[in-house]
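Engineer: Given chain G, work out where chain B should sit, using these hints.
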Amino acid sequence: MHISGFLRAVVVSALLSILGACATVPTPYDYSAFKQSRPKSLVVLPALNHSPDVNAVASVMSRVSYPLAEAGYYVLPVALVTETFRQNGLDNAEDIQAVAPEKLREIFGADAALYMEIQSYGTSYLVVISDTVVDVSARLVDLRDGKLLWQGSAKASSAENRSNQAGLAGMLLQAVVEQIADTVADQGHVIAGVTSQRLLAPRSPDGMLYGPRSPNYGLD
Amino acid sequence: MLVKQLTVILAFAASVLGCASKPPTMYYWGGYQGQVYEYLKGDGTSHDVDALEADIEKARAEGKPLPPGYRAHLGLLYGNAGRVDDMKQQLELERASFPESATFMDFILTNFNK
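Each protein sequence line maps, in turn, to chains G and B. Heads up, this note's numbering is the position in the first sequence plus 37, with the first residue counted as 1. Heads up, this note's numbering is the position in the second sequence plus 114, with the first residue counted as 1.
In isolation and in its complexed conformation, chain G is listed as follows:
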């Protein structure tokens, strides 16, 4: 009885290791610092802007509350945070992002801060069609000990739908989308909404984790 149980265990583990070797598993993200920190509240700092669009920061900043709050975090009011820096003589993102974590913690009382960089934002006009791209990277830093909890980046482009569609229906859908998009004055802001969702909404395998206010908290 004892020997056959052992043999069964050997056979089962051999089968599992063969099956495991066939599946390609991406390297899991190291969430150890994030899970140890478990921040409840986040302060989103004004983003660094590497794009030529003056509205890029306002556009991206105004789109982050939704994914972060719905993920279960308390997100400090973005306009008030920006105003607080302004009233203390800090107007540009480089200076703001250089403020010591202890100082941020003292003023904002947030557990962690989100440092964002807008890599690209805007519409480039090609010969026949135009492409709007918003590309943002971010770091989440614990304000209690300065540790990096998470980093990620995301990009969205108005060209995505176009390349996936085929045939008559595809071309017509594309024409409709572009026609509607033309009537929306602010393409960048539309795409920024997609980018911020991709960047900040919890997602496997390497996205943000759910926060304490979410029913999914602790399940990831």
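Hints listed in this document are in silico derivations from the structure and should not be mistaken for laboratory results. Each hint should be verified, as a subset may be incorrect.
[As the list claims (entries may be wrong)] Within a straight-line C-alpha distance of at most 20 Å, the following computed EDC-like cross-link-like pairs (lysine to aspartate or glutamate) qualify:
1. G/LYS140 with B/ASP220
2. G/LYS77 with B/ASP220
3. B/LYS155 with G/GLU154
4. B/LYS155 with G/ASP223
[Said to hold, decoys possible] Not everything, but these chain G residues come out facing chain B in the computed CB check (under 8 Å):
5. SER78
6. ALA95
7. ARG100
8. LEU113
9. ALA116
10. ILE133
11. GLY146
[Unchecked claim] Here are a few chain G residues that face chain B, going by a calculated C-beta distance under 10 Å:
12. TYR111
13. VAL115
14. ARG235
Glycine residues also receive a C-beta, built at the ideal position from the N, C-alpha and C atoms.
Structural biologist: For chain B alone, coordinates are given in the frame of chain G:
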């Protein structure tokens, strides 16, 4: 021509049906993010307060809570309009809904009069 129009309508229907399977949100968002965008661009108007107040009623009607920062943002607009008591009330309501906001709400209340 008719085939073209029908195809467009069908494509539209498909995209709308795709949206129907999204899970419900925890909060009532209304025009909040749009308001933040306008404010940060410097394009805010005096009617923004009306829109935010109206959405509070809509959220109540739907039985959904307001998102983090919503009341504080309304408080900011009240403060900028000189309605200091209204501002303080909104910041207190923000603190009551979200105790995580206490430190920052205290900071604003302490420093606003300077």
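Engineer: Run every hint past the structure and note whether it holds.
Structural biologist: Hint by hint, here is what the structure shows:
For a cut-off of 20 Å, the pair hint linking G/LYS140 to B/ASP220 stands: about 15 Å separates their Cα positions. Using a Cα cut-off of 20 Å, the hinted pair G/LYS77 and B/ASP220 holds, with the two alpha carbons roughly 18 Å apart. Between B/LYS155 and G/GLU154 the CA atoms are separated by roughly 18 Å; this keeps the pair inside 20 Å, and the hint holds. Proximity of B/LYS155 to G/ASP223 is assessed by CA-CA distance (about 13 Å); at most 20 Å being required, the pair is judged to hold.
Given the 8 Å rule on beta carbons, the hint for G/SER78 holds: about 4 Å separates it from the nearest Cβ of chain B. At about 4 Å, the closest approach between the beta carbon of G/ALA95 and any beta carbon in chain B falls short of 8 Å, and the interface hint on this residue holds. Residue-level restraint check for G/ARG100 holds (minimum Cβ-Cβ distance to chain B is 6 Å; threshold 8 Å). At about 6 Å, the closest approach between the beta carbon of G/LEU113 and any beta carbon in chain B falls short of 8 Å, and the interface hint on this residue holds.
Interface restraint check: G/ALA116 against chain B, minimum CB-CB distance 5 Å, threshold 8 Å, status holds. Against a cut-off of 8 Å between C-beta atoms, the interface hint on G/ILE133 is violated, since the closest Cβ of chain B lies about 14 Å away. At about 2 Å, the closest approach between the beta carbon of G/GLY146 and any beta carbon in chain B falls short of 8 Å, and the interface hint on this residue holds. Annotation: G/TYR111 was flagged as interfacial toward chain B, and the flag holds, the nearest CB pair being 4 Å apart, inside 10 Å.
For the restraint placing G/VAL115 at the interface with chain B, the shortest Cβ-Cβ distance is roughly 5 Å, inside the 10 Å limit, so the hint holds. The interface hint given for G/ARG235 is broken, as the beta carbon of that residue sits about 15 Å from the closest beta carbon of chain B, more than 10 Å.
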